[in-house]
Amino acid sequence: MTTNADVQSLFPLKLQNVSLNLNEKPVLKDVNLTISDHGVTVILGHNGAGKSMLLKILHGLLQPSSGTIHWGDTNHASDQVRRRQAMVFQKPVLLKRSVEANIKYALDLPHSHSKWSCVELLEHAELTPLANRAARSLSGGEQQRLAFARAMATGPEVLFLDEPTANLDPDATLHLESLIQTASASDIKVFLVTHDMGQAKRLATEILFMRNGSVEEHALKEDFFNRPSSPYCQSFIDGVLLSNNH
Amino acid sequence: MQDIWQSFELAWTLIVNLNPALSEIVLLSLRVSLTATLIACLVGMPLGALLGIRHFRGKWAVTVVLNTFMGMPPVVLGLLFYMVLSASGPLGWLQLLYTPGAMILVQVFLILPIVTALTKQIIEDAWVEYQPLFQSLCVSRSGAVKTMLWDTRTSLLTVSLAGFARAISEVGAVIVVGGNINHLTRVMTTAIALETSKGDLAMALALGMVLLMIALTVNAMVFSARQRLPV
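If you read the protein sequences in the order shown, they are chains A and B. Using our numbering, you'd call the opening residue of the first sequence number 1 and step up by one each time. Using our numbering, you'd call the opening residue of the second sequence number 1001 and step up by one each time.
Take the hints with a grain of salt, since some may be wrong.
Unchecked claim - These stretches of chain A come out as covered by chain B in the derived footprint (C-beta under 8 Å, 3 or more residues):
1. 34 to 43
2. 86 to 97
Said to hold, decoys possible - No farther apart than 27 Å at their CA atoms in a straight line, the calculated lysine-lysine pairs in the BS3-like style are these:
3. Lys56/A x Lys1198/B
4. Lys115/A x Lys56/A
5. Lys1146/B x Lys91/A
6. Lys104/A x Lys1198/B
Derived by calculation from the structure, the hints in this document are not laboratory data. Here the structure is a predicted model, which means the values were calculated and not measured. Quick reminder that beta carbons are idealized off the backbone N, C-alpha and C, glycines included.
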């Protein structure tokens, strides 16, 4: 069972001069950040700005080319850190099993410390009637809810969501957003990558705006949308079509 | 033409009446090939899975050798095992030559490269899809292998079918190490070759028809299993 003390120990999250090069091309450049354990951090930016790469680095799926990442006092490279986190990918990776078996798979992991049972997770994601269906035969929205429920089955303290509603209709998006809000209300720190400004306004506590692999702006939601310090962000909020290099 | 029809009629009579000689040969064939397939799958599938997800120096060479052995002529393999199992060979003390044990052993090595190479390919493809999930969930290598073997079971069922088909239909290896001895090591393929050379076309045809029926039954079972398993 997770305690509040454990949650606190992963924060503040500190990135110092974090850079990432892929195929000798800089993807992230000297990212410096301090993030608290509170609420939902929404990562915005154009395609190729480095949002998903930043998420993968934070979750430890990629190692930075240079710089340091500290989750509280814990070194980023530690497996112990990743075991306290979970990620939902843009395209859900579901096991070729039933809906219920997908959730049980995560619940049965040795490091899982979920406070919810399989029945509760299914119910919460409104998947109970589909429990015995093949996971891959579900609709896009249902698949994403299942991926979310399975991520929750590990009992994460930090949840990374990489454009989870990118291919969903408004109903499915609304449903998933309510799950995200519930998770956040349960003291789970959420990092959400999205292109949807409306979603950012609905869910964010703070906004991290990426541009060309660097942090253009990091501010509370109200400050970002009402008083952005960067003209580029202002143009983005105003809906002006800009390229990364504009 | 009349001879051919007569042979078919006689062959059918042998099958319908469950001719004891025919039954004995069919049962031995099934015992040898099913055992060989089972052993090859138990060894080859985990091995193929490990090859699929591990990166090591010389992996390409292992892959090339494995793919080459998939096309190994059975009679050549039979010859190699004949030398190994003969009285003067390194495993002569086992006294396996001209026994069903030798036939099982040679068939295991005949289909092991097929099972391993095809499993490797299937798991490699699954790994591309599953790897980020396993990494995110901190699943161990052995856990990942188990999960992927289970999740690709419909494809692996087809792999085992391919292995069984190769085993039960080959003649070169089993005739060299088994010797085609009546009531001891005579299997369907070696019996067909023998009966044809003797001119007993009815028996050869009956065995051929049973062989085809076995292939048809196994295919139908695998197809039916694939339909029932989750997507």
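Hint by hint, where does the structure go against what was stated? Just the numbers, ascending. Per hint list: 1, 3, 6 violated.
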